[in-house]
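Colleague: With the sequences and hints as input, model every part of the structure.
Chain by chain, the residues run as shown.
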Amino acid sequence: MTASVIAGRPNRRRIRKGRVALHAFLITMSVVWLWPLAWALLNALRPLSDTIKNGSWSWPTTLNLNNFINGFQQANLGYYYLNTLIVVVPAVLIVLLVASLVAFALTRVRSRVNLFLLLMFTAGNLLPPQVIIVPLYYIFNWIPLPSAVADNGRLYDQYIGIILIHVVFQMGFCIFVLSNYMRTLPKELNEAALVDGASLFRTFRSVILPLCAPALAALGTLEFTFIYNDFFWALLLMKTGSKRPITSALNNLQGQFFTDQNVLAAVALMVAVPTIIVYIALQRHFIRGLTLGSTKG
Amino acid sequence: MPDPQVLSLAPAPAPTGAGVVASGPRRRRFSILTRRDKIVLLVIVGIPVFLDIAFIWGPTVASILFSFTNWQGYGGITAQNIVGIQNYTFLFTQYTLFWPALIHNLMWLAFFVFIASPIGIFFAVLLDREIRGSRFYQNVFYFPVVLSLAVVGIIWELQYAPDGFIDSALGLTKQTNAIDWLGNPSLNIWAVLVAASWRHVGYIMVLYLAGLKSVDPTLREAAAIDGASDVQTFFRVIFPVMAPINVVIVVVTVIESLRAFDLAYIINQGTNGLELLSILITNNSISEASLVGRGSAIAVILLVISLVPITLYLTRVMRSTGE
Chain A
0 MTASVIAGRP NRRRIRKGRV ALHAFLITMS VVWLWPLAWA LLNALRPLSD
50 TIKNGSWSWP TTLNLNNFIN GFQQANLGYY YLNTLIVVVP AVLIVLLVAS
100 LVAFALTRVR SRVNLFLLLM FTAGNLLPPQ VIIVPLYYIF NWIPLPSAVA
150 DNGRLYDQYI GIILIHVVFQ MGFCIFVLSN YMRTLPKELN EAALVDGASL
200 FRTFRSVILP LCAPALAALG TLEFTFIYND FFWALLLMKT GSKRPITSAL
250 NNLQGQFFTD QNVLAAVALM VAVPTIIVYI ALQRHFIRGL TLGSTKG
Chain B
0 MPDPQVLSLA PAPAPTGAGV VASGPRRRRF SILTRRDKIV LLVIVGIPVF
50 LDIAFIWGPT VASILFSFTN WQGYGGITAQ NIVGIQNYTF LFTQYTLFWP
100 ALIHNLMWLA FFVFIASPIG IFFAVLLDRE IRGSRFYQNV FYFPVVLSLA
150 VVGIIWELQY APDGFIDSAL GLTKQTNAID WLGNPSLNIW AVLVAASWRH
200 VGYIMVLYLA GLKSVDPTLR EAAAIDGASD VQTFFRVIFP VMAPINVVIV
250 VVTVIESLRA FDLAYIINQG TNGLELLSIL ITNNSISEAS LVGRGSAIAV
300 ILLVISLVPI TLYLTRVMRS TGE
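Respectively, the protein sequence lines represent chains A and B. Okay, so the first sequence: first residue is 0 according to numbering that gives the first Met the number 0, each after it adds one. Okay, so the second sequence: first residue is 0 according to numbering that gives the first Met the number 0, each after it adds one.
What the hints contain is simulated information worked out from the structure, not anything from laboratory work. Be careful, since some hints might not be right.
[Unchecked claim] Mimicking DMTMM-like on lysine to aspartate or glutamate, the simulated pairs with C-alpha atoms at most 20 Å apart in a straight line are:
(1) A:Lys52 <-> B:Asp162
(2) B:Lys37 <-> A:Glu190
(3) A:Lys16 <-> B:Glu129
(4) A:Lys186 <-> B:Asp36
(5) A:Lys16 <-> B:Asp229
(6) B:Lys212 <-> B:Asp127
(7) B:Lys37 <-> A:Asp195
(8) A:Lys242 <-> A:Asp150
(9) A:Lys242 <-> A:Asp156
(10) A:Lys238 <-> A:Asp156
(11) A:Lys238 <-> A:Asp150
(12) B:Lys212 <-> B:Glu129
(13) A:Lys16 <-> B:Asp127
(14) A:Lys238 <-> B:Glu287
(15) A:Lys52 <-> A:Asp259
(16) B:Lys212 <-> B:Asp229
Modeller: Here is the structure:
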């Protein structure tokens, strides 16, 4: 016993030393990771005149919210938030609805067909969007729409076009995740509902959908972030700059504030606010959404 | 993008044999569907299938077909527009931006595969153990994942600007010898890769942590009893049983690097050292010119490269979902 105590002591000390080194490393990395953001915030809070006078690497003489206020007004950010809202809300709702319906239906068809369709949807979601953008651009210009739906009679340069491409592109991922999720539900549920005389639709709405609530919450959070953060589709398929959602609008806003990096930093941080809210408030769902596809259930 | 968009992952069969047990002999299920039910199912599946073909697979095929033409975006395509492999030979032999773009894409890929993803895995392994503040560290590293690449680009421009943090910290000023990190065509790709990794590391860490949680803890205990060090335990025990997640990590990493667009575009429209295949496609065929054939030929090359990870991923889905 004495021997083991003696032997244990240096060992424990070694462990403690290891722990200290580990925390030192992790704290250093944390500082490195947070630094770019802290720097952006610091710049956004300083007037440009202060930066110019003292250089950016200097103790700030004044800190205020003027860059945020001016940036918000000059860039018309409220307007761009609204553009984003017009796209994100319908896109997320539609993609979740469509994907859960398809995933439900696929659990009801023979597994060969099921597998083939799953592969098709999933592979579609994995393609780099740039592979399909050129034909898509012409298709969006070519399909005629009634003017009640699109004022230029096209999908191009219209919110409905942006919503559509988000739904179609994200559908594959959502179907894949939801069908995996539904497969983990006990099969007896479906059968019980059928025996009780519930219609197909009723089984979906009253039995399956409520059970998928955790997956839907996770996917909804994730899809909100994905679509909110989209830069590419709206950049290429929405020509009118003032109609672009906020993330794509950053491209033009960057030019507008070329001469004032500090206001640009403030604008970029304001653009990030909704995703930061997701990070703080819906973190659990976001992480679950990210990992849902990679691990079963 | 979609970020990264983003991105879908393969289902991992449980590392134990559970998956095998669950899939017993297949039963014929739900044979009591009415005719009406069948029609409803057909419509529910049919419309999304149609949309998927019309807006994803159709355009994919169209890209391939366009790549053999010199169509310029207006008028019909006639036999005279068919030019064979001319677009491809032009890319390989005369188009000065093509090879740089391809090399940048490969650099992006290599940087992510050999540096960013391993760092993410390393963080995950460190944070998977019971250490104080593990949650805090996780939150810090994964924070950039929620940001759009456009925002990431602007945040890092402030680091790299000639009067930004890095030059100031190095004591370089505009008047003297500031390094123009984003303006120098031989440096800027590295600068962008660091910024891209800032976000990618957290993404990989989150995925790997989820995988590590599913590893049977008795494996670790057994390894510890056998006197294995932490490093040995990871490489000899944990890493092999994580094979399904490792495939996911590889697929995610490769696809993310092929999709790279936003960051380079927001910084300088993908010019002057930041050329990427994805940006050449849009610049040639939509934004700056309407050389549909040339852009499509680049798209086909990007498609062929991305088929590698996509196939890898699909075979895995088939193996774990199929039977």
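Colleague: Now, for every hint given, state plainly whether the structure supports it.
Modeller: Results for each hint:
no.: 1; hint: A:Lys52 <-> B:Asp162; in the structure: holds, 12 Å
no.: 2; hint: B:Lys37 <-> A:Glu190; in the structure: holds, 16 Å
no.: 3; hint: A:Lys16 <-> B:Glu129; in the structure: holds, 16 Å
no.: 4; hint: A:Lys186 <-> B:Asp36; in the structure: holds, 18 Å
no.: 5; hint: A:Lys16 <-> B:Asp229; in the structure: holds, 15 Å
no.: 6; hint: B:Lys212 <-> B:Asp127; in the structure: holds, 8 Å
no.: 7; hint: B:Lys37 <-> A:Asp195; in the structure: holds, 19 Å
no.: 8; hint: A:Lys242 <-> A:Asp150; in the structure: holds, 13 Å
no.: 9; hint: A:Lys242 <-> A:Asp156; in the structure: holds, 8 Å
no.: 10; hint: A:Lys238 <-> A:Asp156; in the structure: holds, 5 Å
no.: 11; hint: A:Lys238 <-> A:Asp150; in the structure: holds, 14 Å
no.: 12; hint: B:Lys212 <-> B:Glu129; in the structure: holds, 12 Å
no.: 13; hint: A:Lys16 <-> B:Asp127; in the structure: holds, 19 Å
no.: 14; hint: A:Lys238 <-> B:Glu287; in the structure: holds, 13 Å
no.: 15; hint: A:Lys52 <-> A:Asp259; in the structure: holds, 14 Å
no.: 16; hint: B:Lys212 <-> B:Asp229; in the structure: holds, 17 Å
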